[in-house]
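Protein chains: 2
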Amino acid sequence: MATCSALRGSFETNDEDAEQIRALTRYPDGSVKLRNPNIELMDQDILYHLALGSESHDLVEMFGDVKFVCMGGTPKRMEDFAHYIMQEIGYKIPTGTKLMDISQYSYRYCLYKVGPVLSVSHGMGPSSISILLHEIIKLMYHAKCKDPIFFRIGTCGGIGIEGGTVVISDNALDGLQDNNYAVATLGKLVKRPARLDKKLVRELQALAHSDDPYDTVTGTTMCTSDFYEGQGRLDGAFCEYTEADKMAFLKNLKEKHNVTNIEMEIIPFAALTHHAGIRAAVVCVALLDRLRGDQVATPKEVMNEWQLRPQILIARYIKKYLQNKGRISFDGHGSIAVKSPRRFKLVQQESQSIE
Amino acid sequence: MATCSALRGSFETNDEDAEQIRALTRYPDGSVKLRNPNIELMDQDILYHLALGSESHDLVEMFGDVKFVCMGGTPKRMEDFAHYIMQEIGYKIPTGTKLMDISQYSYRYCLYKVGPVLSVSHGMGPSSISILLHEIIKLMYHAKCKDPIFFRIGTCGGIGIEGGTVVISDNALDGLQDNNYAVATLGKLVKRPARLDKKLVRELQALAHSDDPYDTVTGTTMCTSDFYEGQGRLDGAFCEYTEADKMAFLKNLKEKHNVTNIEMEIIPFAALTHHAGIRAAVVCVALLDRLRGDQVATPKEVMNEWQLRPQILIARYIKKYLQNKGRISFDGHGSIAVKSPRRFKLVQQESQSIE
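Sequence lines, in order, name chains L and C.
Mind the numbering: the first sequence is residues 1 to 355 in full-length UniProt numbering, read in order.
Mind the numbering: the second sequence is residues 1 to 355 in full-length UniProt numbering, read in order.
No lab work stands behind these hints: they were computed from the structure.
Beta carbons are placed, not taken as given, at the ideal position from N, Cα and C, and that holds for glycine.
You may find that some hints are simply not true.
Claimed, not checked - Between beta-carbon pairs, the in silico distance windows are:
hint: 1; chain 1: C; residue 1: Y241; chain 2: L; residue 2: E255; range: 37 to 43 Å
hint: 2; chain 1: C; residue 1: T95; chain 2: L; residue 2: G53; range: 40 to 46 Å
hint: 3; chain 1: L; residue 1: Y214; chain 2: C; residue 2: T95; range: 49 to 55 Å
hint: 4; chain 1: L; residue 1: R22; chain 2: C; residue 2: E243; range: 26 to 32 Å
Claimed, not checked - List of simulated lysine-lysine pairs, DSS-like, C-alpha gap at most 27 Å:
hint: 5; chain 1: L; residue 1: K76; chain 2: C; residue 2: K113
hint: 6; chain 1: L; residue 1: K76; chain 2: L; residue 2: K256
hint: 7; chain 1: C; residue 1: K191; chain 2: L; residue 2: K254
hint: 8; chain 1: L; residue 1: K191; chain 2: C; residue 2: K300
hint: 9; chain 1: C; residue 1: K33; chain 2: C; residue 2: K256
hint: 10; chain 1: L; residue 1: K246; chain 2: C; residue 2: K76
hint: 11; chain 1: L; residue 1: K188; chain 2: C; residue 2: K319
hint: 12; chain 1: C; residue 1: K188; chain 2: L; residue 2: K188
hint: 13; chain 1: C; residue 1: K251; chain 2: L; residue 2: K191
hint: 14; chain 1: C; residue 1: K113; chain 2: L; residue 2: K113
hint: 15; chain 1: C; residue 1: K113; chain 2: L; residue 2: K300
hint: 16; chain 1: L; residue 1: K256; chain 2: C; residue 2: K76
hint: 17; chain 1: L; residue 1: K198; chain 2: L; residue 2: K256
hint: 18; chain 1: C; residue 1: K113; chain 2: C; residue 2: K256
hint: 19; chain 1: L; residue 1: K191; chain 2: C; residue 2: K254
hint: 20; chain 1: L; residue 1: K98; chain 2: C; residue 2: K76
hint: 21; chain 1: C; residue 1: K76; chain 2: L; residue 2: K76
hint: 22; chain 1: L; residue 1: K113; chain 2: C; residue 2: K198
hint: 23; chain 1: C; residue 1: K320; chain 2: C; residue 2: K198
hint: 24; chain 1: L; residue 1: K256; chain 2: L; residue 2: K199
hint: 25; chain 1: L; residue 1: K191; chain 2: C; residue 2: K33
hint: 26; chain 1: C; residue 1: K198; chain 2: C; residue 2: K256
To be verified - To give a feel for the contact side, a few chain L residues facing chain C, derived at Cβ under 7 Å:
hint: 27; residue: T242
hint: 28; residue: D245
hint: 29; residue: F249
Turn these sequences into a full structure, and let the hints guide you.
Spelled out as structure tokens, the structure:
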């Protein structure tokens, strides 16, 4: 029932321990099992917003080797990440091919695959990422992926940290300081704990280099459903509070709730991955310090460089994982093989100057 | 305070009458006034998610003539709508030009302008459309637009109606059957009534032709923040209820709350436009009857034809409005002028076959 106690219900209500979750979400070989008995009884399962289907596509053949799912807001950032991670892990594709957006005809999300890595956009806000998560988790099941790890690579507003700082989230709160994801389901509010994998947080923090020219910190992240009033901005179409109210709110978040940054997706991301028994982490770069203003005034080039920082950290994790598994090989064949980068560039320039 | 009474608070709390709203949201000449005193004091206002700014762009010059803002989920649909409405209102652009996505470098929303009509994508879910609405309402203010009218052209699930039926919304409810938009603001839940313009609903319903080969109905629309569990689907990554629970829920929505269709944006759309004193309507086509299933199995070509139906209704409204104002003229010059469509096509084909 959508009673008050449900709305402000206790954290423990839906809480399950790790072993309980594993039994519900994994087959003995580690492949993903769904907490929905209906799917295996269906003739076909159309992943509508990804433009994929369980009977139209051989999802095991296409996606069976996926280990990492990396997601971020815009199609552009995730296309860039696909190319970046390809270079970082030395993944080769055949001569005459290029990466393509597998979900281009969904017109909703972009989806790139680079060997064991998926790079997918999730749009803005809790609802958009929740649709994606349902379908990506089902994709993991259909493809029989084993113990996949999910990352969100995002941008955020910081509280009391410099623009450009990287934040690894170890806790998530909503706009009312609750750390559950509440979904009105059949007219009743169902809450699920928004939990992040503490070990993954530590592993990621350990990959921050002391000589990185920026800070990488761990902290609590607030998730809002609204960008303007929901984040206490003064510059929305409406504003019914003062700058003093806003500052008191942000300072209280920092001092009382240890909030380091604010974004719009971590609550469903943490809750749905936790419920599915999937290890997951959120790494965001702060585009500004909200204690100093609301509008982002940093030049585009600087911002573009900042947005690479969470990608760099995730790439370090993926590389290290693949190296440990002996799965990074640099002797691939078939992709464009560059013998001399200088000469390669000269040839390209020369051919471009010929009409 | 985020008390229980606020969460289930009465509709009247923030209610204002039409005259009160008009005084707060319009200058004497009918141009849009913001309910935020901060904006006019700012050096510049960057509409970050639209890649526009009040000082970098001459927004009055660019957008001052806008009367209609049409929004829908995907960039593709809104690009198509831009071309369709251009044809419908006979809007001419100079030879050698084509429509472009004004917000392409935001990588968030697409934005097309066709004379007095903006065609813009809003992504999926309440948060995504709320960011857009804040920025589009500010754009109306900066551009000094007069009494703009907003339309959402969407898709939805129907309850007890045929796939392909067009639904004009006259009422909006959330997943707990509340007709307010609740935003956690500075740690407190602020609710605003999600109201639609009844006159606009009647005007649109009157434009449905008796010889349209489909039904156009008026009804209550439920807005959910989740596509799978939030809409009682059995085919998400998780499902903790039975088909009987789902059917009882949907039938109750229909019989007790008169719900005709379900989508994911109407609550913020209705609440934010109402708060801004902007006349607004939502017209969606049902892609399926949820009483018969969860997955959309209709062929792509049929679905594409269905998605045109809300566009046709809105185009009728816009055309009628412009005709009444004497603003449709078919004597424009400068665009590609086709004398004979058959010969035009032949010339195109011929030139394509020459390397």
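Within 40 to 46 Å: is that where the Cβ-Cβ distance between T95 (chain C) and G53 (chain L) falls? Roughly 44 Å apart at Cβ, these two residues keep to the hinted range, so it holds.
Is the straight-line distance between the alpha-carbon of K198 (chain C) and that of K256 (chain C) 27 Å or less? Given pair K198 (chain C), K256 (chain C) holds - Cα atoms ~21 Å apart, limit 27 Å.
Keeping to a limit of 27 Å between CA atoms, is the pair of K256 (chain L) and K199 (chain L) held or broken? The given pair, whose Cα atoms are some 25 Å apart, holds under the 27 Å limit.
Hint check: K113 (chain L) vs K198 (chain C), CA-CA at most 27 Å. Holds or violated? violated, 48 Å
Per the hint of 37 to 43 Å, is the separation of the Cβ atoms of Y241 (chain C) and E255 (chain L) within bounds? holds, 41 Å
Would you mind confirming whether the straight-line C-alpha gap from K320 (chain C) to K198 (chain C) stays at or under 27 Å? Holds, at roughly 18 Å.
Does the interface hint hold: is T242 (chain L) within less than 7 Å of chain C, judged Cβ to Cβ? For T242 (chain L), the interface hint is violated, since the closest Cβ of chain C sits about 10 Å away, which is over 7 Å.
For the pair we were handed, K198 (chain L) and K256 (chain L), check the Cα-Cα distance against 27 Å. holds, 21 Å
State, for the Cβ atoms of R22 (chain L) and E243 (chain C), whether the hinted interval 26 to 32 Å holds or is violated. Holds: the Cβ-Cβ distance is about 28 Å, inside 26 to 32 Å.
Does the structure keep K188 (chain L) and K319 (chain C) at a Cα separation of 27 Å or less? Distance of about 43 Å is beyond 27 Å: violated.
Next pair to validate is K191 (chain L) with K300 (chain C); report whether the Cα-Cα distance is within 27 Å. violated, 36 Å
Run the distance test for K76 (chain L) versus K256 (chain L): straight-line Cα separation, threshold 27 Å. Status violated; Cα separation ~36 Å.
The structure shown violates the earlier hints numbered 6, 8, 9, 10, 11, 14, 16, 18, 22, 25 and 27.
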